[in-house]
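Each chain, letter by letter, is given below.
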Amino acid sequence: IVMTQSPATLSVSPGDGATLSCRASQYVSINLAWYQQKPGQAPRLLIYGASTRATNIPTRFSGSGSGTEFTLSISSLQSEDFAVYYCQQYNNWPPYTFGQGTKVEIK
Amino acid sequence: QVQLVESGGGVVQPGGSLTLSCAASGFTFTTYGMHWVRQAPGKGLEWVAFIRFDGSDKYYADSVKGRFTVSRDNSKNTLYLQMNSLRTEDTAVYYCAKDSASYSGSVHYFDYWGQGIQFTVSS
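Here the protein sequences come in this chain order: X and C.
Mapping to our numbering: the first sequence position 93 is 122, numbers consecutive.
Mapping to our numbering: the second sequence position 119 is 758, numbers consecutive.
In short, the hints are calculated from the structure, not lab data.
Ideal placement from N, C-alpha and C gives every residue a C-beta, glycine not left out.
Mixed in with the good hints there might be a few duds.
[Unchecked claim] Selected chain C positions facing chain X (Cβ under 7 Å, derived; list incomplete):
1. 666
2. 671
3. 683
4. 684
5. 686
6. 698
7. 700
8. 734
9. 747
10. 750
11. 754
12. 755
Produce the complete structure using the sequences and hints provided.
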């Protein structure tokens, strides 16, 4: 299953909201996770089951979607939210597949 | 808290071999599957291998099948990745990651990650 994220780069002002998209080439139900990765750091799980926040993830992060279309929304971006975000499907495996990532940068 | 610490990286010549290790703590290692995920320089994430909690099943990405072997020692809470016939395209940061599902559960995302270990294949 090919995961396609858009846009590749998103320029956002601090305090504004952001919407990231992820599309699966085949049906993946809600078996979709989102990860955040900052430079030089390991990825961190944000969302699983398409919409369930992982432990200690702030409520400004929310996920939605099912089937083949998914969205990660970040309300009121904080400085620590500027990072690369990856979606990953775990419905049909192996392999587990990731999107190519969306970089959220400061505008 | 969950800790995953990779070790064993370095520089290896093409065609060579290397074994990475991942020491786990802070959770019941013997009940969770484990993964290896890699990230080539400036690139995205690529899943490499998965081993079930008891080592009974192993799965690999096509790009490493037949060259890499994932294993675990539950008595030492340690995950391994033996890499043979190495290619320059294997150069990456390698992460071990804990599977979300205990025992033979079917929902597999990566809920905890190690800090990663750099590994370079170069002559």
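Tell me, which hint numbers fail for this structure? When the structure is compared with the hints, numbers 1, 2 turn out to be violated.
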